[in-house]
Amino acid sequence: MKLFEIFIASALINNFVFTRFLGLCIFFGVTKKVETAVGMSITFTSVMMVSAALSWLVFNYVMVPLDLTFLKIVIFIGIIASFVQASDTIMRKVSPGLYYKLGVYLALISTNCIILAVPLINAGDKYNFIEAITLGLGSGLGFALALIIMASIREKLELANVPRPFQGLPIAFVTTGLIALAFLGFSGIITQ
Amino acid sequence: MQSQQKSTNYWSLLLIGVFKENAIFRLAISLCPAIAVTTGLKTGTLMGIAVVFVTVMVNITVSAIRAFIHPKIRIPVFMLIISGWVTVADLSMAAFARDAYKQMGLYIQLIVAFASILTRAEVFASKRSVVPSFFDGIGSGVGFMFALICISFFRELLGKGALWGIDIIHAKPLLIMLLPTGGFIATGILMGFFNWIDIRFYGGKGAGGAGGH
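Listed in order, the protein sequences are those of chains B and E.
With the first sequence counted from 1, adding 8 to any position gets you my numbering.
With the second sequence counted from 1, adding 110 to any position gets you my numbering.
Hints are supplied without guarantee of correctness; some may be wrong.
[Claimed, not checked] Output of the computed footprint for chain E on chain B, the stretches with three or more beta carbons under 8 Å from beta carbons of chain E:
(1) 25 to 36
(2) 50 to 58
(3) 127 to 141
(4) 156 to 168
I should point out that these hints are in silico values taken from the structure, not numbers from a laboratory.
Here a beta-carbon is modelled for each residue, glycine too, at the ideal position from N, C-alpha and C.
Chain B on its own, in the form it takes in the complex (with noise of 0.2 Å):
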């Protein structure tokens, strides 16, 4: 029950867009195209799982037990760096096709807020391993759902008659901005 509680208030109450703000760059940069936010959201998902695995394990076998947890900033940047440039190195090895859909975005994953904010929750919160991956998984769907929808409305957005200062970003904000009052609605799902 625990877990499901994780995976829900990870996706919805608290949606790394919506409610938390984190990773605006990249949903503001990306959402112009469906079919570009489809592709980040994929790439962020499953970078977020698995750094948060291997970041919970480094943090619990190796920094807790030699007391280096006031490094953390540093050593979980380092984890996601290495296993983003492995995994371009392979992806680009064994399937050459899924490197020309996904690959661009993931150079831009390395010193990226979101994926930094999973590991940065998961050993503040002392959660478990299974928790932690839940956590990933959760915040990763939440944040395909945000681009999913904010790329859809951009793609209508762009046929829109708006003021010269506010065309493009400003319009984007303030249209989040209305997203996230709807999102507000999901707070009350779960009491904790």
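Assemble chain E onto chain B, guided by the hints.
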């Protein structure tokens, strides 16, 4: 004469960071904390100070050791330097500003992932000497802080009817400004306002926003 020339250069470095290439309103990068920590003027300013500190220290460090960094491994080295200084900011914030830290701890740690800081290190500090890098760091850091202060000013004023925790408007506040929605809308409107200034007075095209990360 020479010093005159130099000082104007430093001044323009500062101004470019604050207005022309303002990270949030013009370049639309490093957005996450702009909305997360701007529910009050105090947290917004503290976050701004942390970012100025990290940007300046990273620029100084990168520029001071730039001769020893092999070009091939420069990005990992920059990340290491940035995360080191962020850890310093994080731990000192935890020690000296306990209450604010509880509210914004995660976002302080996420300064590591700011594209604006990495960009300054890569584009400017890795090629120039220490003093210009210092001013460039102050410029882009203060530009960021200026944006945070603008956003949190309006959000706290309208959302709580207060500024820096002191009650100013004795009326029922607009709670929506404190919610995530208010953050997005306030940022969007301010961004539109700065675009309007750019179009109206400088003949620009408006930011539109490349939207890096």
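These are the hints, each one checked on the structure:
Residue count for the region 25 to 36 of chain B with a Cβ under 8 Å from a Cβ of chain E: 10. That meets the three needed, and the coverage hint holds. For the region 50 to 58 of chain B, the proposed coverage by chain E is not satisfied: 0 residues have a C-beta within less than 8 Å of a C-beta in that chain, short of the threshold of three. Counting residues of the region 127 to 141 of chain B whose beta-carbon sits less than 8 Å from any beta-carbon of chain E gives 3, enough to reach three: the coverage restraint holds. Interface restraint, the region 156 to 168 of chain B with chain E: violated (0 residues with C-beta to C-beta distance below 8 Å; minimum three).
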